[in-house]
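Colleague: For reference, the chains in residue letters:
2 protein chains.
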Amino acid sequence: MQIVIALFDRFTALDAVGPHQVLTHLPGSEVIFASERPRGVCDDTGTLTLVADAAFADVPVPDILLIPGGPGQAAQMGDGPLRDWLLAADKTTTWTTSVCTGSLILAAAGLLTGREATTYWLAKDELARLGAKPQDTRYVFDGKYVTSAGVSAGIDMSLALAAKIATPEVAQRIQLGIEYDPRPPFNAGSPATARPEVVAAFRTTSRFP
Amino acid sequence: MQIVIALFDRFTALDAVGPHQVLTHLPGSEVIFASERPRGVCDDTGTLTLVADAAFADVPVPDILLIPGGPGQAAQMGDGPLRDWLLAADKTTTWTTSVCTGSLILAAAGLLTGREATTYWLAKDELARLGAKPQDTRYVFDGKYVTSAGVSAGIDMSLALAAKIATPEVAQRIQLGIEYDPRPPFNAGSPATARPEVVAAFRTTSRFP
Chain A
1 MQIVIALFDR
11 FTALDAVGPH
21 QVLTHLPGSE
31 VIFASERPRG
41 VCDDTGTLTL
51 VADAAFADVP
61 VPDILLIPGG
71 PGQAAQMGDG
81 PLRDWLLAAD
91 KTTTWTTSVC
101 TGSLILAAAG
111 LLTGREATTY
121 WLAKDELARL
131 GAKPQDTRYV
141 FDGKYVTSAG
151 VSAGIDMSLA
161 LAAKIATPEV
171 AQRIQLGIEY
181 DPRPPFNAGS
191 PATARPEVVA
201 AFRTTSRFP
Chain B
210 MQIVIALFDR
220 FTALDAVGPH
230 QVLTHLPGSE
240 VIFASERPRG
250 VCDDTGTLTL
260 VADAAFADVP
270 VPDILLIPGG
280 PGQAAQMGDG
290 PLRDWLLAAD
300 KTTTWTTSVC
310 TGSLILAAAG
320 LLTGREATTY
330 WLAKDELARL
340 GAKPQDTRYV
350 FDGKYVTSAG
360 VSAGIDMSLA
370 LAAKIATPEV
380 AQRIQLGIEY
390 DPRPPFNAGS
400 PATARPEVVA
410 AFRTTSRFP
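Heads up: the protein sequence lines correspond to chains A and B, in order. According to this note's numbering, the first sequence is numbered sequentially starting from 1. According to this note's numbering, the second sequence is numbered sequentially starting from 210.
Mixed in with the good hints there might be a few duds.
Claimed, not checked - If we take Cβ atoms under 7 Å as the criterion, some of the chain B residues that face chain A in the derived model are:
| no. | residue |
| --- | --- |
| 1 | Leu223 |
| 2 | His229 |
| 3 | Asp272 |
As the list claims (entries may be wrong) - Among chain A residues calculated to face chain B with C-beta under 7 Å, some are:
| no. | residue |
| --- | --- |
| 4 | Val17 |
| 5 | Val51 |
| 6 | Phe141 |
| 7 | Val151 |
| 8 | Ala153 |
| 9 | Ala160 |
| 10 | Thr167 |
| 11 | Gln172 |
| 12 | Glu179 |
| 13 | Arg183 |
| 14 | Ala188 |
| 15 | Ala201 |
| 16 | Arg203 |
| 17 | Thr204 |
Claimed, not checked - Covered stretches of chain B (chain A as the covering partner; in silico rule of three or more C-beta atoms under 8 Å from a C-beta of chain A):
| no. | segment |
| --- | --- |
| 18 | 233-245 |
| 19 | 250-264 |
| 20 | 377-384 |
Calculated from the structure, these hints are not laboratory results. As the structure is a computational prediction, the values presented were derived from the model and not from experiment. Built from N, CA and C at the ideal position, the CB exists for glycine as well.
Bound conformation, chain A alone:
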């Protein structure tokens, strides 16, 4: 079972590494980071470089593909190597997935038209404009298309996906393996729970899309 995580300049690191940490422990999985060519790919903070070991051309028929988000997503919404690969690979995937604003890339390629999906909380209007039906949940399954909310939500989505690909028990074993028993020190992880002044401050100072 080949799982390909696409990388592009200015991706958000946790969008890619959270799901990798879960999916790489699925029995029989082979997780590969790919980009238009093998290279180190720098994240949106400019301080983290993750290596894409494969070119898109090396992995034309993944069983599962995952598109992370990050401000670099904007440059991937038109014609180019990532979209060409995505559209060709999607024809034979078992699951086509995204984290955060990665769903905007799926939607811009026409893959989410009329489908229920989700994205980063600040990007839901754009997701609707691109023809999807945004949902207010942590992750959304619509047929083989699985999309998650922002950044850290890729971990939750990947555990849910692991349960479908393997069994709930396998997913639970992976969850125990990464000791995912979250205890955030604040209840500020969503615009619905964060204090209004935190939401307002974030909107004005955001380095996110």
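Following the hints, position chain B against chain A.
Modeller: Positioned in the frame of chain A, the structure of chain B alone reads:
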């Protein structure tokens, strides 16, 4: 404020990338991945390479240092470049921190003797043997030493640390930025909550330390 995350062969990727994703958004922070020399460092699954841009010698006096865990931790518990750097850098850090079995490296270097600390759930006995006092909490502050439970716990620890370094409001803004409103599909993230058969299966099949 210089924050150095140490990398070594067979580290666990989320141990390093979770805290990076939080701490890199602290105002005035500069996060640097370092190893004994600048190089790509392969994680414990063999499928993820993160680039250490700096050598330990380039970053002798970080304000904050973070040691991730992973099975590669065992090779870092004796004399060597990482321990030499750690002991020298610790003399002037504001915070010395670890995720998962990274605390075993701190303890083996003598930094946690008599201190309250935590580690990966399977490694608590070893942490006690190394002279620390293991706690059953998600993260532990003891003076300037901050240690977290396994893998994903580094995110919680880093948000708590961000609140102390800056303000709770800044930490909450970062939490909202990474949409950290966790919704694990199962309640299996700790040996206290996972079903006994899941815990037993994990112990026998574990690729973790």
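Colleague: All hints are to be evaluated individually against the structure, with a verdict given for each.
Modeller: Results for each hint:
1. Leu223: 4 Å, holds
2. His229: 6 Å, holds
3. Asp272: 15 Å, violated
4. Val17: 4 Å, holds
5. Val51: For A:Val51, the interface hint holds, since the closest Cβ of chain B sits about 4 Å away, which is under 7 Å.
6. Phe141: 11 Å, violated
7. Val151: 4 Å, holds
8. Ala153: Hint on A:Ala153: holds, closest Cβ of chain B at ~6 Å, below 7 Å.
9. Ala160: 5 Å, holds
10. Thr167: 11 Å, violated
11. Gln172: 4 Å, holds
12. Glu179: At about 3 Å, which falls below the 7 Å cut-off, the nearest Cβ of chain B leaves the hint on A:Glu179 intact, so it holds.
13. Arg183: This interface hint holds because 4 Å falls under the 7 Å limit.
14. Ala188: 4 Å, holds
15. Ala201: 6 Å, holds
16. Arg203: 10 Å, violated
17. Thr204: 10 Å, violated
18. 233-245: holds (count 6)
19. 250-264: holds (count 7)
20. 377-384: It holds, with 6 qualifying residues against the three required.
Hints 3, 6, 10, 16, 17 from the earlier list are contradicted by this structure; the remaining hints agree with it.
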